[in-house]
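Novice: Here are the chains, one letter per residue:
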Amino acid sequence: MNCDSAKPFLDSYADGELDLVNHVKVEEHLEACFNCDVYYKDLKLFKNTLAEDRSLYFHAPDHLRRSIRSSLRESSSEPSKNRFLFWRWTPVFAALGIAFITLLAIFTLVRPANNTDDLIAKEMVSAHIRSMMVGDPHLMDVPSTDQHTVKPWFEGKLDFSPLVVDLGQQGFVLVGGRLDYVGGRAVAAMVYKRRQHVINLFTYPETTTAAGETLSKQGFNIVHWNKGGMTFWAVSDLNAGELLQFSELLKNS
Amino acid sequence: MQHLDAAYNLARWLTRDPSDADDVVQEAYMRAFRFSDGFHGGDSRSWILKIVRNTCFTWLKKNRSHELVYELEEDQHEAPTSNPEELLLERADRKILKDLLNDLPAAYKEIIVLRDLEGLSYKEISSVTELPIGTVMSRLARARKKLQSGAIRTPAGGTI
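Going down the list, the protein sequences come from chains A and B.
For the first sequence, numbering that gives the first Met the number 0 assigns the number 0 to the initial residue and increments by one for each residue that follows.
For the second sequence, numbering that gives the first Met the number 0 assigns the number 0 to the initial residue and increments by one for each residue that follows.
FYI, nobody ran anything at the bench for these hints, they're computed from the structure.
Certain hints may be false.
From the structure, some residues in chain B lie toward chain A, with a derived Cβ separation under 7 angstroms [as the list claims (entries may be wrong)]:
hint, residue
1, Gln25
2, Glu26
3, Leu116
Computed cross-link-like contacts, DSS-like style, restricted to lysine-lysine with a CA-CA straight-line distance of at most 27 angstroms [as the list claims (entries may be wrong)]:
hint, chain 1, residue 1, chain 2, residue 2
4, B, Lys97, A, Lys46
5, B, Lys60, B, Lys97
6, B, Lys122, A, Lys6
Quick list of the computed label-pair ranges, beta carbon to beta carbon [said to hold, decoys possible]:
hint, chain 1, residue 1, chain 2, residue 2, range
7, A, Glu73, B, Asp102, 32 to 42 angstroms
8, B, Asp102, A, Leu95, 53 to 63 angstroms
9, A, Glu26, B, Ser18, 26 to 36 angstroms
10, A, Gly96, B, Asp4, 29 to 39 angstroms
11, A, Lys43, B, Asp102, 21 to 31 angstroms
Yeah, the Cβ is synthetic: ideal placement off N, Cα and C, and Gly gets one too.
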């Protein structure tokens, strides 16, 4: 940067309004150039004189302050100045607005979560009904009462290893397992029998849905719980008490 | 009342008369009050100064239009760039700073008042005057140069 290119920047430089790149360039030039440095120091001094000379600053006289205040008061008492009433109410409107938005947020954030659970519960019931339909061979892919047969069968078919527990001694007989597709993903379905009632136990690794208590849908009972990073849905036409007992046994296994 | 000093100072310099400044500021504040719908938050000082400034120029156009004509001519001429030594040795009329600033054309004066007396940033000045920042910069430099060359200097470079 030479004197001619530095000069147009000196005022902005002195005002601290120059961008960093040019600021550095001007700074370097001032270090090297005596003439420009004198000019700059002079400018700086002059700026200070202007800023510090209080006789140059005219403060508003009191009579002006009073007269403006009284004129404003007069015109604000006119009924046509209703919009200022509106501004006075602005905080109230704002508070109401915020309250409304908060409520809306609560409804939109909380409700869909319930709805999602509800939808999945419905799908679980549908899957259970499908598995029970006469002529449908798909109740079990692996008909076996042996948990050591059922568990290895799932290997390679799912991206997780489902919990397979034999509860024969407690009156819930494992009769087999199958793959199913519920809630947009492949799930393991374990089939248990309690007397003549079939229990479908759906398992998949996810804990995003809130674990609910016993639900009842279309005459079927549903128990939903989370354990060890897995979600469990037990669906059956068995009575709610026994289904709950079944879930307790699995939770404690 | 917010920014009344800033408003009055600008009006006082532009109108060069205490009672004219009173009238202009009074009118500007009434206008600001009437059009407070136009204030969308942000910098209230720039907003009120903009109204004062516009009221001033309307007033000048009505009462001292010759000053504004002079200004336009002045604006077209580049102020000669004197070299530092010349500037230091320059002796202008023996006027004090106040008179020099008072005699400055309104277009230069307002920039000096807003920047050096009021301490507004270039951006704020640009929003008050509705001039591009580049114009603010060049007018400020020219205005200072005019004042400086007119100001009485001691050989050591000090300014009285």
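Novice: With reference to the structure, classify each hint as holding or not holding.
Specialist: The hints, checked one at a time:
Satisfaction of the interface hint for glutamine 25/B is found here, the shortest Cβ-Cβ separation to chain A being roughly 6 angstroms, below the 7 angstroms cut-off. With 7 angstroms as the threshold, the beta carbon of glutamate 26/B stays out of range of chain A, its nearest partner Cβ sitting at about 10 angstroms, so the hint is violated. With 7 angstroms as the threshold, the beta carbon of leucine 116/B comes within range of chain A, its nearest partner Cβ sitting at about 6 angstroms, so the hint holds. As the CA atoms of lysine 97/B and lysine 46/A are separated by approximately 14 angstroms, the hinted pair is consistent with the 27 angstroms bound.
Taking the CA atoms of lysine 60/B and lysine 97/B, the gap is near 23 angstroms; set against the 27 angstroms cutoff, the hint holds. Our distance criterion of 27 angstroms between C-alpha atoms is met by lysine 122/B and lysine 6/A, whose separation comes to about 21 angstroms. In this structure, glutamate 73/A and aspartate 102/B meet the distance hint of 32 to 42 angstroms, their C-beta atoms being roughly 38 angstroms apart. The hint said 53 to 63 angstroms for the Cβ distance between aspartate 102/B and leucine 95/A, and at roughly 57 angstroms that hint holds.
About 47 angstroms separates the C-beta atoms of glutamate 26/A and serine 18/B, a value inconsistent with the hinted range of 26 to 36 angstroms. Take glycine 96/A and aspartate 4/B: their Cβ atoms lie about 36 angstroms apart, and the range 29 to 39 angstroms holds. Evaluation of the 21 to 31 angstroms hint for lysine 43/A and aspartate 102/B yields a pass: the beta carbon distance comes to about 24 angstroms.
Checked against the numbered hints given earlier, the structure breaks hints 2 and 9 and satisfies all the rest.
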